[in-house]
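Participant: Okay, here's what each chain looks like letter by letter:
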Amino acid sequence: MSTKHRRISLTVNGEAVAREVPVRLNLVDFLRHDLGFTGSHVGCEQGACGACTVVLDGQTVRGCLVLAVQADGCAVVTIEGGVDDDLREMFYTLNALQCGFCTPGMLLSSAELLRANPNPSREDIREYLSGNFCRCTGYQAIVDAVFTVAEARRS
Amino acid sequence: MPYFPAGPRRSRIGADDVKAPDFDYCRPESMADALALLSLHADDAAIIAGGQSLLPILNFRLAAPELLIDIGRLDELKQVTEDDEFVEIGALVSHCDLADSPLVGRELPLLHQAIDHIAHPAVRHRGTIGGSLAMADPAAELGACCLALDGAFSIVSVRGQRWVAAADFFKGVYETALQPDEILTAIRLPKPAPGTISIFEEVARRRGDFAMAGLALVAAPNNLRIALLGVADRPVLVEQTMTLLTNNPTAVDEAVALIGTEVDPLDDPTYPPAYRRHLVQVLLRRALSRLPQ
Ligand code: FES
Ligand code: FES
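Chains as they are written, first to last, in our numbering: chain G, 1 to 155; chain H, 1 to 293.
Hints listed in this document are in silico derivations from the structure and should not be mistaken for laboratory results.
Careful, some of the hints might be misleading.
[Stated by the list, open to error] A few chain H residues that don't get close to chain G, going by computed Cβ distances all over 10 Å:
hint : residue
1    : Pro-28
2    : Ala-63
3    : Gly-160
4    : Gly-172
5    : Ile-197
6    : Asp-264
[Claimed, not checked] Facing chain G, according to a computed beta carbon distance under 7 Å, are these residues of chain H, among others:
hint : residue
7    : Asp-24
8    : Tyr-25
9    : Leu-55
10   : Asn-59
11   : His-120
[Claimed, not checked] Distance ranges between label pairs, derived from CB positions:
hint : chain 1 : residue 1 : chain 2 : residue 2 : range
12   : H       : Ala-257   : G       : Glu-123   : 53 to 63 Å
13   : G       : Thr-3     : H       : Lys-78    : 27 to 37 Å
14   : H       : Asp-83    : G       : Arg-126   : 34 to 44 Å
15   : G       : Glu-123   : H       : Asp-100   : 15 to 25 Å
16   : H       : Asp-44    : G       : His-5     : 13 to 23 Å
17   : H       : Arg-162   : G       : Asn-95    : 55 to 65 Å
18   : H       : Pro-221   : G       : Ser-9     : 52 to 62 Å
Nothing here was measured: the structure is a model prediction, and the numbers come from that model.
No residue lacks a Cβ here, since even glycine has one placed at the ideal position from N, Cα and C.
Generate the whole structure from the sequences, applying the supplied hints.
Facilitator: Written out as C-alpha cells, the structure reads:
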C-alpha cells in the first residue's frame, strides 16, 4: 500500500504553514521533522508522558495523539511560540529543570493551569501536571516554581 | 492507556517504532456522509474523534484499519441538552467540556466525580465520551457511570437509528453492540430523582492511570445501583448487592462481604483476582461511608 498523503494548512506559532503530509504522521513529528520545531519532545508516543505537549486551538494536547491531518485549519502553538516569561524564569531560578526533556510540556501545562486557576494549591499543581513525567524526577522544584509564580502574580 | 499484555520485544530501534501503520483518512462534512462512507468500508474502517484511545492502539499496531473516518468536527454531536426526564450528551462532548458543563454538574454529579479520574488535562481536552464508550475498555470510567445511571445510547447507521441500553451495550474487552457500519451518536441519561446521591470511587496506581478497580454508586430513594469497572471484561452491575442495600441501606458489613462474592475478576499477573476483589470491598465501604446516615 502506498503511503497516503493530504495537504494541510494551519498556523504554527502565528505563522501560516501549508504542507503535504502522510496521513499517519502525528502532529509532534510534523512539528519537529517537517517544520524544525524541536522544542516539543517525543517520549513514549502513547500518551503517557506529556513530553510532546503542544497547544492546539488554545488547549494543551498530546502531540503524539493527534494526527497532523487533524490539525488542518487549526492554530498550533509550541514552546518556540513563547510561554509566560515569569514562569520560564522561575523554572530557571528554582532549578525546576535538569535535562530539560520534560520542560516544554511542563511550562505549557503550568501556563494553562495558571490561566484557569490563578490561585492553585500545591495539590492542584501536582494534579494538573500529573500527566507530565519528569524523568529527572525534579517534581518538588517544578511545583515550587509554579506555586511561586502564582504567589508573585498575586502580590 | 489500555493495559497491553507484554508481547515479543522488538530488537530493531528505528524511526517507525511506535508509529501508526499506514491508512487512508477522510473527514466527512456531515453525519450522513460519515455513515455512507462507513457503510461502504465497514470492516476496514475505524471511526476517529478525539483519538485518545485509538491513536495509542494504532501506534502499538494492535489495529490496522485501512481507513480512518474522522467525525471529530461534526458540531451537532457536541451539545449537552436536557428535557424534563433526560440529559442527552452528544458523543463528541469532550471530557473537559463535560467537566465544565453546569447542567451535568447539577443533574449528573457522578460524571463530574468520575472525570477527575480520567487521564490528564491534555488528554481530557480531546478525549470524548462517545469515544470512550465505543472503545469499551473495561477499566474506563464513563461506561460504569452510564450503567449505574441506567443510560441508553443512540446508535445510527444508514439503516436508521436504534437505542441500546448501557446494560446491553458492553459485550467484552473492546467489544460492544455496535455493528461495523454503526456510529454511537448520543448518550441519554435519566435525571436522578430528587434526593439522589451519587458517588464515584477509584483506585489507580497513579493519578490518571487506568483504574485497578472503580465503583459508581447512585443512591436514589428506594433504589440503589452500583456499577463496577476494572474487575471484569466489561463494566458490571452488582445486582445482589444492589438489592440488599436497596432493602437495607445500613447493612454495610453484609454488603461488603456480598460484593466480594459477586465479582469474578479476570486473572491478571499484576493484580490477582483476590486483590481486585479486596479493592472492590474497600471501595464499597468508602462509598457507603460517604452516604449521609
Ligand atoms: S510522547 Fe506524547 S505523551 Fe509521551
Ligand atoms: S528535567 Fe529531565 S525530564 Fe524533567
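Participant: Failing hints, ascending?
Facilitator: Result: hint 12 breaks, nothing else.
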